[in-house]
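Q: Here the protein sequences line up with chains A and B, keeping their order.
Residues in the first sequence are numbered from 1 upward in steps of one, following this note's numbering.
Residues in the second sequence are numbered from 112 upward in steps of one, following this note's numbering.
Hints are supplied without guarantee of correctness; some may be wrong.
Below, in silico cross-link-like pairs of lysine-lysine (DSSO-like), each with a Cα-Cα straight-line distance of 30 Å or less [to be verified]:
(1) B:194 to A:56
(2) A:56 to B:153
(3) B:194 to B:168
(4) A:110 to A:56
(5) A:68 to B:194
(6) B:194 to A:71
(7) A:56 to B:189
(8) B:189 to A:38
(9) A:110 to A:5
(10) A:68 to B:153
(11) A:110 to B:153
(12) A:38 to A:54
(13) A:54 to A:71
(14) B:194 to A:54
(15) A:68 to A:54
(16) A:68 to A:56
(17) A:110 to B:194
(18) A:71 to A:56
(19) B:153 to A:38
(20) A:38 to A:68
(21) A:56 to A:38
(22) A:71 to A:38
(23) A:5 to A:38
(24) A:54 to A:5
(25) A:54 to B:168
(26) A:5 to A:68
(27) A:71 to B:168
(28) B:153 to B:168
(29) B:189 to A:68
(30) B:153 to B:194
(31) A:38 to A:110
(32) B:168 to B:189
(33) B:189 to A:71
(34) B:189 to B:153
(35) A:56 to A:5
(36) A:71 to A:5
These are calculated hints, taken from the structure and not from any lab test.
Note that the coordinates shown come from a computational prediction; the quantities given were computed from them, not determined experimentally.
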Amino acid sequence: DQQVKQNSPSLSVQEGRISILNCDYTNSMFDYFLWYKKYPAEGPTFLISISSIKDKNEDGRFTVFLNKSAKHLSLHIVPSQPGDSAVYFCAAREYGNKLVFGAGTILRVKS
Amino acid sequence: EPEVTQTPSHQVTQMGQEVILRCVPISNHLYFYWYRQILGQKVEFLVSFYNNEISEKSEIFDDQFSVERPDGSNFTLKIRSTKLEDSAMYFCASSEEGYSTDTQYFGPGTRLTVL
Numbered sequence: 001d002q003q004v005k006q007n008s009p010s011l012s013v014q015e016g017r018i019s020i021l022n023c024d025y026t027n028s029m030f031d032y033f034l035w036y037k038k039y040p041a042e043g044p045t046f047l048i049s050i051s052s053i054k055d056k057n058e059d060g061r062f063t064v065f066l067n068k069s070a071k072h073l074s075l076h077i078v079p080s081q082p083g084d085s086a087v088y089f090c091a092a093r094e095y096g097n098k099l100v101f102g103a104g105t106i107l108r109v110k111s
Numbered sequence: 112e113p114e115v116t117q118t119p120s121h122q123v124t125q126m127g128q129e130v131i132l133r134c135v136p137i138s139n140h141l142y143f144y145w146y147r148q149i150l151g152q153k154v155e156f157l158v159s160f161y162n163n164e165i166s167e168k169s170e171i172f173d174d175q176f177s178v179e180r181p182d183g184s185n186f187t188l189k190i191r192s193t194k195l196e197d198s199a200m201y202f203c204a205s206s207e208e209g210y211s212t213d214t215q216y217f218g219p220g221t222r223l224t225v226l
């Protein structure tokens, strides 16, 4: 099932700089997108979401951008902090409750 | 802050045995979910549950799986006869409503190891 793809398995960023995590999807019926952060031995923690009728949503240091025509979304973290080091999952929802997850991107923020 | 809890954190079982994984969703939430993540693979949806019945399930959720809300607080996943390939992290989640813009909040997971 490749409906949601995170093509970068890992990303390394210097503290204070911007982290950009990318996600592509193939299903045009997805109408809601979410980003989750996951630390080892913990469950996914909700970060930020965006409806398909919007192209941007911002919450503090986190901004999600949605480009529907390209079927692409990205998560920007500015400024990046060492505590942001985790696995980031992009997830999408079609009509109904089921979330479809990407494979995740490991973010390492170096101090 | 309210959170989803799961027990046990790690369950080891022999192939063919039954296991029950337990979850306590956030108290005012009405929708409950189970997902799993096999090591090295994506998080996969198993089932959603609302008003004491399954609202949606994936092809993974076959007759070996069942879910139940035995009381007002617990939500359980039962695997009747475990197989080696059932080894995975199992995450419970809950959401306040079932709207498309509703956020699902996840528990810490139960690591199931089938020997």
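Q: None of the hints should be skipped; say for each whether it holds.
A: Status of each hint after checking the structure:
1. B:194 to A:56: violated, 44 Å
2. A:56 to B:153: With Cα atoms ~26 Å apart, residue 56 of chain A and residue 153 of chain B stay inside 30 Å; holds.
3. B:194 to B:168: Given that 30 Å is the threshold and the Cα spacing comes to 19 Å, the pair holds.
4. A:110 to A:56: Holds, because 27 Å separates the two Cα atoms, which is no more than 30 Å.
5. A:68 to B:194: violated, 41 Å
6. B:194 to A:71: violated, 37 Å
7. A:56 to B:189: Not satisfied, since the Cα-Cα distance of roughly 40 Å exceeds 30 Å.
8. B:189 to A:38: The hint holds at about 25 Å.
9. A:110 to A:5: Distance ~25 Å between residue 110 of chain A and residue 5 of chain A Cα, so the pair holds.
10. A:68 to B:153: Given that 30 Å is the threshold and the Cα spacing comes to 23 Å, the pair holds.
11. A:110 to B:153: holds, 26 Å
12. A:38 to A:54: It holds: about 25 Å lies between the C-alpha atoms, which stays within 30 Å.
13. A:54 to A:71: Satisfied, since the Cα-Cα distance of roughly 13 Å is no more than 30 Å.
14. B:194 to A:54: Given pair residue 194 of chain B, residue 54 of chain A is violated - Cα atoms ~44 Å apart, limit 30 Å.
15. A:68 to A:54: Satisfied, since the Cα-Cα distance of roughly 9 Å is no more than 30 Å.
16. A:68 to A:56: Status holds; Cα separation ~11 Å.
17. A:110 to B:194: violated, 41 Å
18. A:71 to A:56: Holds, at about 14 Å.
19. B:153 to A:38: holds, 13 Å
20. A:38 to A:68: Holds: residue 38 of chain A and residue 68 of chain A sit about 26 Å apart, inside 30 Å.
21. A:56 to A:38: holds, 23 Å
22. A:71 to A:38: Given that 30 Å is the threshold and the Cα spacing comes to 24 Å, the pair holds.
23. A:5 to A:38: Answer holds: residue 5 of chain A to residue 38 of chain A is near 17 Å, not above 30 Å.
24. A:54 to A:5: Holds, at roughly 20 Å.
25. A:54 to B:168: Holds, at about 29 Å.
26. A:5 to A:68: holds, 15 Å
27. A:71 to B:168: holds, 26 Å
28. B:153 to B:168: holds, 17 Å
29. B:189 to A:68: Between residue 189 of chain B and residue 68 of chain A the Cα gap is close to 39 Å, so the pair fails against 30 Å, i.e. violated.
30. B:153 to B:194: Satisfied, since the Cα-Cα distance of roughly 19 Å is no more than 30 Å.
31. A:38 to A:110: Roughly 18 Å separates the two Cα atoms, so the pair holds.
32. B:168 to B:189: The hint holds at about 14 Å.
33. B:189 to A:71: This hinted pair is violated, its Cα atoms lying about 37 Å apart.
34. B:189 to B:153: holds, 21 Å
35. A:56 to A:5: holds, 20 Å
36. A:71 to A:5: Holds - the C-alpha atoms of residue 5 of chain A and residue 71 of chain A are around 11 Å apart, at most 30 Å.
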